[in-house]
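Participant: With the hints as a guide, dock the two chains, each given alone in a separate frame, to form the complex.
Residue numbers (our numbering), protein chains in the order written: chain A, 1 to 111; chain B, 112 to 223.
Hints may contain errors.
As the list claims (entries may be wrong) - Pulled a few chain B residues facing chain A out of the computed Cβ check, cut under 7 angstroms:
# : residue
1 : P150
2 : S153
3 : L154
4 : P178
5 : L203
6 : S207
7 : G211
8 : F214
9 : S216
What the hints assert, rightly or not - Below are the EDC-like pairs computed for lysine to aspartate or glutamate, each with C-alpha atoms no more than 20 angstroms apart in a straight line:
#  : chain 1 : residue 1 : chain 2 : residue 2
10 : A       : K45       : B       : D137
11 : A       : K45       : A       : D82
12 : A       : K79       : A       : E15
13 : A       : K2        : B       : E169
14 : A       : K45       : A       : E56
15 : B       : K118      : B       : D198
16 : A       : K42       : B       : D122
As the list claims (entries may be wrong) - Not the full set, but computed from the structure, chain A residues with beta-carbon under 7 angstroms of chain B:
#  : residue
17 : F34
18 : C40
19 : P44
20 : L46
21 : S49
22 : D77
23 : F101
24 : G102
25 : R103
26 : G104
To be clear, the hints were calculated from the coordinates, so they are not data collected in a lab.
Just so you know, even glycine gets a beta-carbon here, dropped at the ideal spot from N, CA and C.
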Amino acid sequence: RKEVEQDPGPFNVPEGATVAFNCTYSNSASQSFFWYRQDCRKEPKLLMSVYSSGNEDGRFTAQLNRASQYISLLIRDSKLSDSATYLCVVNRPGGSYIPTFGRGTSLIVHP
Amino acid sequence: SAVISQKPSRDICQRGTSLTIQCQVDSQVTMMFWYRQQPGQSLTLIATANQGSEATYESGFVIDKFPISRPNLTFSTLTVSNMSPEDSSIYLCSESTGPGYTFGSGTRLTVV
Numbered sequence: 001r002k003e004v005e006q007d008p009g010p011f012n013v014p015e016g017a018t019v020a021f022n023c024t025y026s027n028s029a030s031q032s033f034f035w036y037r038q039d040c041r042k043e044p045k046l047l048m049s050v051y052s053s054g055n056e057d058g059r060f061t062a063q064l065n066r067a068s069q070y071i072s073l074l075i076r077d078s079k080l081s082d083s084a085t086y087l088c089v090v091n092r093p094g095g096s097y098i099p100t101f102g103r104g105t106s107l108i109v110h111p
Numbered sequence: 112s113a114v115i116s117q118k119p120s121r122d123i124c125q126r127g128t129s130l131t132i133q134c135q136v137d138s139q140v141t142m143m144f145w146y147r148q149q150p151g152q153s154l155t156l157i158a159t160a161n162q163g164s165e166a167t168y169e170s171g172f173v174i175d176k177f178p179i180s181r182p183n184l185t186f187s188t189l190t191v192s193n194m195s196p197e198d199s200s201i202y203l204c205s206e207s208t209g210p211g212y213t214f215g216s217g218t219r220l221t222v223v
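Extracted from the complex, chain B is given alone in its bound form (with noise of 0.2 angstroms):
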């Protein structure tokens, strides 16, 4: 399966501000998609990015607080707009080559 490479691991942002986060497989993959996961909570799907169309969002999730961008197979970017502390959380990427899904390591955003 394949590896992928997501950037950074941890960052403690103001409010009002935007956060991207960079995703990087090893391999090309069709499907990557972004998750949301809360302290004690299991992971909330945000949308799921091909390239070269537009993200595919999940009931409560927008583009304009989450744009996504697919570039290419092999790459993709989730970007937190405008963040409030209820923002705070951790964000993973994923991509389906399969068998199942693999991750990255995930972001630790903190909201202040």
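Just chain A, with the same shape it has in the complex (with noise of 0.2 angstroms):
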């Protein structure tokens, strides 16, 4: 079982619409997450750290389930500007700052 595994997509969604990402990650003592965009030819930026209450940043929720060992990124009302890879970066345990890249979902939000 891969360390950080994502569903590659593409996600194909109309403006306007709602959709969600799952991370599914293997180390129970991971504990640090993050989401990242990735656009064509560029660097990662960090979209959000997700907490373990969960946490939201105008559209996007980040929830975090430690029981299932999944992170989530829900994007509501898509923009068109919202399209672009989103990385799951789930953090080494051991307090190493050390990161796991996702493989990135793809995400193509269209008019």
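Facilitator: Following this line, the structure appears as structure tokens:
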């Protein structure tokens, strides 16, 4: 089993739709989780950290389910500009701050 | 979070040669990371570079092929040695002062 797994998609949704991505991780001791966004030919950029209690930033909601070892990202009211690849990142346990990246989920928002 | 300047942004190199990629951070950072991202794939960690000690390489990556320098807390280099077409990829550096990780803009390497 890979350390971090994501459905590569693509998810093809109309503007205004709500879309959700999941990411599973294999090491139950992992403590830090993030969602990154990567545009074509660009470097990844932090979208949001994922906290145990769940967190929201505008149209984006991130949640952590430790029992089932997955994190999720929900995007409401999708915009054309949300089209990108969304990378799930899980830090190795032990406080090392060494990240493991999922392969990413591609989102295409169409008019 | 820190800002990282990475160069070169792209290069086309002959097989058998070496290329050194540089990353300059605008503040002092303890840990820097080097990644490779092949087309359609996610980021694969090559090594972790701490100032004053040898880099720690991930499985499948060795110092002879990817020597790394970390002379101070704001700078690091990665060399791709004796290149072959299989080394064609995007190489990225990052740091972890938080939150999360900040990346350089990447080096797109093509080996011919």
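Participant: Work down the list of hints and note, for each, if the structure agrees.
Facilitator: Now for the hints, and whether the structure bears them out:
1. Taken as an interface hint, P150 of chain B does not check out: its beta carbon lies about 11 angstroms from the nearest beta carbon of chain A, beyond 7 angstroms.
2. Taken as an interface hint, S153 of chain B checks out: its beta carbon lies about 4 angstroms from the nearest beta carbon of chain A, inside 7 angstroms.
3. Residue-level restraint check for L154 of chain B holds (minimum Cβ-Cβ distance to chain A is 4 angstroms; threshold 7 angstroms).
4. The beta carbon of P178 of chain B is not positioned within 7 angstroms of any beta carbon in chain A (closest approach about 20 angstroms), and the interface hint is therefore violated.
5. This hint holds: L203 of chain B has a C-beta 6 angstroms from the nearest C-beta of chain A, less than the 7 angstroms allowed.
6. The interface hint given for S207 of chain B holds, since its Cβ lies 5 angstroms from the closest Cβ of chain A, which is under the 7 angstroms cut-off.
7. Checking G211 of chain B against chain A by beta carbon gives a least distance of about 4 angstroms; that is within 7 angstroms, so the hint holds.
8. Taking 7 angstroms as the C-beta cut-off, the interface hint given for F214 of chain B holds, the closest approach to chain A being about 4 angstroms.
9. With a cut of 7 angstroms, the hint placing S216 of chain B at the interface with chain A holds, because the nearest CB-to-CB distance is about 5 angstroms.
10. Taken as a hint, the K45 of chain A and D137 of chain B pair is honoured in the structure, with Cα atoms around 17 angstroms apart against an allowance of 20 angstroms.
11. Between K45 of chain A and D82 of chain A the CA atoms are separated by roughly 13 angstroms; this keeps the pair inside 20 angstroms, and the hint holds.
12. In summary, the hint linking K79 of chain A to E15 of chain A is supported, as the alpha carbons are separated by about 5 angstroms, within the 20 angstroms threshold.
13. With a C-alpha separation of about 15 angstroms, the suggested pair K2 of chain A and E169 of chain B falls inside the 20 angstroms cut-off, and the hint holds.
14. Restraint check: the Cα-Cα separation between K45 of chain A and E56 of chain A comes to about 17 angstroms, which is no more than 20 angstroms; the hinted pair holds.
15. The hinted pair formed by K118 of chain B and D198 of chain B meets the criterion: a straight-line CA distance of about 17 angstroms does not exceed 20 angstroms.
16. Between the alpha carbons of K42 of chain A and D122 of chain B the distance comes to roughly 16 angstroms, so the proposed pair stays at or under 20 angstroms and holds.
17. With 7 angstroms as the threshold, the beta carbon of F34 of chain A comes within range of chain B, its nearest partner Cβ sitting at about 5 angstroms, so the hint holds.
18. For C40 of chain A, the interface hint is violated, since its Cβ never comes within 7 angstroms of a Cβ in chain B; the closest pair sits about 11 angstroms apart.
19. Checking P44 of chain A against chain B: minimum C-beta separation of about 6 angstroms stays under 7 angstroms; hint holds.
20. For L46 of chain A, the suggested interface contact is upheld, since its CB lies about 4 angstroms from the closest CB of chain B, less than 7 angstroms.
21. Interface hint status for S49 of chain A: upheld, as the beta-carbon distance to the closest one in chain B is roughly 5 angstroms, under 7 angstroms.
22. Violation of the interface hint for D77 of chain A is found here, the shortest Cβ-Cβ separation to chain B being roughly 24 angstroms, above the 7 angstroms cut-off.
23. Among the interface hints, the one on F101 of chain A holds; its C-beta lies about 4 angstroms from the nearest C-beta in chain B, closer than the 7 angstroms criterion.
24. For the restraint placing G102 of chain A at the interface with chain B, the shortest Cβ-Cβ distance is roughly 6 angstroms, inside the 7 angstroms limit, so the hint holds.
25. The interface hint given for R103 of chain A is met, as the beta carbon of that residue sits about 4 angstroms from the closest beta carbon of chain B, less than 7 angstroms.
26. The closest approach between the C-beta of G104 of chain A and any C-beta of chain B is roughly 5 angstroms, which is under the 7 angstroms cut-off, so the hint is satisfied.
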